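Participant: Given chain H's structure and the hints, the job is docking chain U onto it.
Read top to bottom, the protein sequences are chains H and U.
The working numbering puts the first residue of the first sequence at 1, with every later residue one more than the last.
The working numbering puts the first residue of the second sequence at 115, with every later residue one more than the last.
Keep in mind that the hints are not guaranteed to be accurate.
Label-pair distances were calculated between CB atoms; the ranges are [unchecked claim]:
| no. | chain 1 | residue 1 | chain 2 | residue 2 | range |
| --- | --- | --- | --- | --- | --- |
| 1 | H | I46 | U | S197 | 25 to 33 Å |
| 2 | U | S183 | H | A16 | 46 to 54 Å |
| 3 | U | V166 | H | N98 | 46 to 54 Å |
| 4 | U | S194 | H | R63 | 45 to 53 Å |
| 5 | U | T134 | H | T5 | 20 to 28 Å |
| 6 | U | G154 | H | N58 | 22 to 30 Å |
| 7 | H | R109 | U | G165 | 31 to 39 Å |
| 8 | U | P132 | H | T60 | 46 to 54 Å |
| 9 | U | T134 | H | P41 | 21 to 29 Å |
| 10 | H | A16 | U | G130 | 48 to 56 Å |
| 11 | H | T18 | U | E193 | 43 to 51 Å |
| 12 | H | D81 | U | T191 | 39 to 47 Å |
Subject to a maximum C-alpha distance of 20 Å in a straight line, what follows is the list of computed DMTMM-like cross-link-like pairs (lysine to aspartate or glutamate) [said to hold, decoys possible]:
| no. | chain 1 | residue 1 | chain 2 | residue 2 |
| --- | --- | --- | --- | --- |
| 13 | H | K78 | H | E29 |
| 14 | H | K70 | H | E52 |
| 15 | U | K171 | H | E97 |
| 16 | H | K73 | H | E15 |
| 17 | U | K125 | U | D168 |
| 18 | H | K113 | H | D81 |
| 19 | U | K171 | H | D101 |
| 20 | H | K73 | H | E97 |
| 21 | U | K167 | H | E15 |
For the record, the hints were derived by calculation from the structure and aren't laboratory data.
If you're wondering where the values come from, they're calculated on a predicted model, not measured in any experiment.
Just so you know, even glycine gets a beta-carbon here, dropped at the ideal spot from N, CA and C.
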Amino acid sequence: AQTVTQSQPEMSVQEAETVTLSCTYDTSESDYYLFWYKQPPSRQMILVIRQEAYKQQNATENRFSVNFQKAAKSFSLKISDSQLGDAAMYFCAYRSENNNDMRFGAGTRLTVKP
Amino acid sequence: DAGITQSPRHKVTETGTPVTLRCHQTENHRYMYWYRQDPGHGLRLIHYSYGVKDTDKGEVSDGYSVSRSKTEDFLLTLESATSSQTSVYFCAISAGSGANVLTFGAGSRLTVL
Numbered sequence: 001a002q003t004v005t006q007s008q009p010e011m012s013v014q015e016a017e018t019v020t021l022s023c024t025y026d027t028s029e030s031d032y033y034l035f036w037y038k039q040p041p042s043r044q045m046i047l048v049i050r051q052e053a054y055k056q057q058n059a060t061e062n063r064f065s066v067n068f069q070k071a072a073k074s075f076s077l078k079i080s081d082s083q084l085g086d087a088a089m090y091f092c093a094y095r096s097e098n099n100n101d102m103r104f105g106a107g108t109r110l111t112v113k114p
Numbered sequence: 115d116a117g118i119t120q121s122p123r124h125k126v127t128e129t130g131t132p133v134t135l136r137c138h139q140t141e142n143h144r145y146m147y148w149y150r151q152d153p154g155h156g157l158r159l160i161h162y163s164y165g166v167k168d169t170d171k172g173e174v175s176d177g178y179s180v181s182r183s184k185t186e187d188f189l190l191t192l193e194s195a196t197s198s199q200t201s202v203y204f205c206a207i208s209a210g211s212g213a214n215v216l217t218f219g220a221g222s223r224l225t226v227l
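Isolated chain U, as found in the complex:
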């Protein structure tokens, strides 16, 4: 167990509703990431954080926002969910950039109807 907990693990929601996914770590790592996984695309970075209140955009950040008020928690918010945001979302942690590997959570499957 890498000490990463994602919640909820499964969620079904309707178009236009707000959704928040939570990632909690017990490793005290500085870096946290949100990826989405879609068939034919592998995993793509949405946003990442390099410290409390320090975040930056990734490759597919449109329609998503993040917040990190504590080292251990990284929240991903869909302000108004769309069907194109139906996906599996993975949180990951890392001790740093470059050589440091990403350790992933178990994933959260989101379905937007």
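In isolation and in its complexed conformation, chain H is listed as follows:
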């Protein structure tokens, strides 16, 4: 079964600085999708960014970008110009092409210091 590992239970960043959250995954499949979700204190799960494994180009959404290393099975999230509103729990997730089970990592709690 696919597993997703987030090795950083907690991270902190100074406002306006850049932070990178790590994620690795284990799979034998070639076609899959990777996601980062944000969960603020409101508990709502919010999609941050998505990456298709067949695309070599790293996905970018405004201040959020990923570093996708398929051979290394690594999918890190970079947040640039961190804002107080970025403080949240961040979950990395994996989903294969033909599977309905989206697998989540345990999460990284990000604190943003003013």
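Facilitator: Just chain U, lined up with the frame of chain H:
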């Protein structure tokens, strides 16, 4: 608003009692999911549905059953709640598998005493 409503949002119950959580969508999506969220585990799939009366088990399905009699409603039932089922439960919808993202409801916090 993604058009997903979970009810109840909070519930406290006692061990051995039945509990039903409801998920209602207005998006007419084919796929619906129930996840549970626990510290140190992220979210784990309990059951999912790919159409009316079509359901399948997920990673942590023991002790749970589901039903989907209408496209818009997906029910999660704990026949006899246990303390290990204390958790936050999330419903999610999707237009399909693979690339299609999951859109989540606001979550239901269940406490089993």
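Participant: None of the hints should be skipped; say for each whether it holds.
Facilitator: Structure-based check of all given hints:
no. : hint                           : verdict
1   : I46(H) to S197(U): 25 to 33 Å  : holds, 30 Å
2   : S183(U) to A16(H): 46 to 54 Å  : holds, 52 Å
3   : V166(U) to N98(H): 46 to 54 Å  : violated, 22 Å
4   : S194(U) to R63(H): 45 to 53 Å  : holds, 47 Å
5   : T134(U) to T5(H): 20 to 28 Å   : violated, 34 Å
6   : G154(U) to N58(H): 22 to 30 Å  : holds, 29 Å
7   : R109(H) to G165(U): 31 to 39 Å : holds, 37 Å
8   : P132(U) to T60(H): 46 to 54 Å  : holds, 47 Å
9   : T134(U) to P41(H): 21 to 29 Å  : holds, 27 Å
10  : A16(H) to G130(U): 48 to 56 Å  : holds, 53 Å
11  : T18(H) to E193(U): 43 to 51 Å  : holds, 49 Å
12  : D81(H) to T191(U): 39 to 47 Å  : holds, 46 Å
13  : K78(H) to E29(H)               : violated, 25 Å
14  : K70(H) to E52(H)               : holds, 10 Å
15  : K171(U) to E97(H)              : holds, 18 Å
16  : K73(H) to E15(H)               : violated, 30 Å
17  : K125(U) to D168(U)             : violated, 27 Å
18  : K113(H) to D81(H)              : holds, 12 Å
19  : K171(U) to D101(H)             : holds, 10 Å
20  : K73(H) to E97(H)               : holds, 16 Å
21  : K167(U) to E15(H)              : violated, 49 Å
Checked against the numbered hints above, the structure breaks hints 3, 5, 13, 16, 17 and 21 and satisfies the rest.
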